[in-house]
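Protein chains: 2
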Amino acid sequence: MAEHTVKAFDDEIGRLRGLIAEMGGLAEVAIADAITALIEDDSELAQKVVDNDPKLDKLEAEVDRLAVRVIALRAPMANDLRDVIAALKISGIVERIGDYAKNIAKRVNEVESRTKIKPVTLVPAMAEIAKSMVHDILNAYAARDAGMAVEVIERDEKLDNLYNTLFRNLVSHMMENPATISSAAQLLFVGRNLERIGDHATNVAEMVYFAATGEYHSEGDRKEKGEADN
Amino acid sequence: MAEHTVKAFDDEIGRLRGLIAEMGGLAEVAIADAITALIEDDSELAQKVVDNDPKLDKLEAEVDRLAVRVIALRAPMANDLRDVIAALKISGIVERIGDYAKNIAKRVNEVESRTKIKPVTLVPAMAEIAKSMVHDILNAYAARDAGMAVEVIERDEKLDNLYNTLFRNLVSHMMENPATISSAAQLLFVGRNLERIGDHATNVAEMVYFAATGEYHSEGDRKEKGEADN
Numbered sequence: 000m001a002e003h004t005v006k007a008f009d010d011e012i013g014r015l016r017g018l019i020a021e022m023g024g025l026a027e028v029a030i031a032d033a034i035t036a037l038i039e040d041d042s043e044l045a046q047k048v049v050d051n052d053p054k055l056d057k058l059e060a061e062v063d064r065l066a067v068r069v070i071a072l073r074a075p076m077a078n079d080l081r082d083v084i085a086a087l088k089i090s091g092i093v094e095r096i097g098d099y100a101k102n103i104a105k106r107v108n109e110v111e112s113r114t115k116i117k118p119v120t121l122v123p124a125m126a127e128i129a130k131s132m133v134h135d136i137l138n139a140y141a142a143r144d145a146g147m148a149v150e151v152i153e154r155d156e157k158l159d160n161l162y163n164t165l166f167r168n169l170v171s172h173m174m175e176n177p178a179t180i181s182s183a184a185q186l187l188f189v190g191r192n193l194e195r196i197g198d199h200a201t202n203v204a205e206m207v208y209f210a211a212t213g214e215y216h217s218e219g220d221r222k223e224k225g226e227a228d229n
Numbered sequence: 000m001a002e003h004t005v006k007a008f009d010d011e012i013g014r015l016r017g018l019i020a021e022m023g024g025l026a027e028v029a030i031a032d033a034i035t036a037l038i039e040d041d042s043e044l045a046q047k048v049v050d051n052d053p054k055l056d057k058l059e060a061e062v063d064r065l066a067v068r069v070i071a072l073r074a075p076m077a078n079d080l081r082d083v084i085a086a087l088k089i090s091g092i093v094e095r096i097g098d099y100a101k102n103i104a105k106r107v108n109e110v111e112s113r114t115k116i117k118p119v120t121l122v123p124a125m126a127e128i129a130k131s132m133v134h135d136i137l138n139a140y141a142a143r144d145a146g147m148a149v150e151v152i153e154r155d156e157k158l159d160n161l162y163n164t165l166f167r168n169l170v171s172h173m174m175e176n177p178a179t180i181s182s183a184a185q186l187l188f189v190g191r192n193l194e195r196i197g198d199h200a201t202n203v204a205e206m207v208y209f210a211a212t213g214e215y216h217s218e219g220d221r222k223e224k225g226e227a228d229n
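For the protein sequence lines, the chains are B and U, in the order given. Counted from 1, the first sequence has number 149 at position 150 by numbering that gives the first Met the number 0; the numbering is strictly sequential. Counted from 1, the second sequence has number 197 at position 198 by numbering that gives the first Met the number 0; the numbering is strictly sequential.
Derived from the structure by calculation, the hints contain no laboratory data. Misleading hints may appear alongside valid ones.
It does not matter which identical chain is meant; a pair holds if it fits inside one copy or across any two.
In silico BS3-like cross-links for lysine-lysine, where the CA-CA straight-line distance does not exceed 27 Å [stated by the list, open to error]: (1) Lys88 to Lys57; (2) Lys115 to Lys47; (3) Lys117 to Lys88; (4) Lys6 to Lys47.
Using the sequences and the hints given, assemble the complete structure.
Shown next as structure tokens:
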């Protein structure tokens, strides 16, 4: 590419990264607000989370449009093209993370008697980890930081363990308090949504790791790839 | 594009569509097998669903690779480029539909006493609708059939209603039979997974509708778009 084209391309990639960072910020706020609304029984805050979700959809559409334009006008090759495709994929994942937060917010009014359901205290702890995973993996993406990506992947295990504890404790609680089953079932879904946010952050982390090192992160994947190469 | 390039491009788009059709077929089988395994308590079949999932991941990676090559070599413009981007996005969605089927299969061993949980009979009915949505929307995608896309979008309401019924019935069942709460909670997740499959099929349907007509399907979206156009 000619020098001015390279400059334009770099500007546009920078803009794509900026839009994704903006999406990440909105997703983090959505997770935090949804959990606050859930814990404090704040319908207004829950509604705000639902109302804000289209912003993420619009930013994703903006990433799509810009990515398509970059591809069409600059015809990037190899690594540069992969960069643009990664932006397309990551924006889709962050948009879905926002959907999970919205799903949590939608449940706020379905949870009654939350103060009577003890395991609810595990939910903010899970949300904190999920939020930190989203935050750190988007920083790692911006900085192409493979080490941070590995850290995010490892943190997912902690989130999974908390989710399993939440599941067990909620089931015990339901058995002892049949009257709260419906509310407790909603909390199961909330836990599941947070666990899925962690999975999505891990997917991004694997992309970031691959982009930064050219290798697959997990042992299993690496073996599979080795076999495929033979 | 020169004539031979157009021919090559058409061949490659055809190949992308073929790969996505293949993914759709695998996803449908995964849904059907996961539900059969769940209902008939067939751990072996459940394991088969889990073991087959990497095939979908590999096909998605193949779509990615081919799409990137098409963009890099043919530098498609406007509609053609949008076609390739749509293939990238739809392959990602079908891969996730496979994940939901895998999640259902993974729960098979966690559900005890399924014959004692009456609402379980709603699950195959939900699966039938979810499977038909995946099937029909991929046909609609191949044929750019906006009418079929609308039909799939409308079918999602039926699936949502069934899910709400399942939820209510399972909660009642849990209250009356505390000993089955853990199994019934797993069925809640199964129902939720099927409902999410419907959501994903609806997302594809909206893309197909937009690609075929140049307009957004839902009333709300159309209004939003109208405002943005002013």
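Copy assignment of Lys88 with Lys57, given that the CA separation must stay at most 27 Å
both (15 Å within a copy, 16 Å between copies)
Within, between, both or neither: Lys115, Lys47 at alpha-carbon 27 Å:
Cα proximity of Lys115 and Lys47: one copy only (26 Å, versus 42 Å across).
Could you figure out if Lys117 and Lys88 sit no more than 27 Å apart (CA to CA) within one copy, between two copies, both or neither?
Neither: 38 Å inside a chain and 41 Å across chains, both beyond 27 Å.
How would you classify Lys6 and Lys47 at a CA-CA limit of 27 Å: within, between, both, or neither?
neither (39 Å within a copy, 50 Å between copies)
Of the hints listed earlier, those the structure fails to meet are numbers 3, 4, in rising order.
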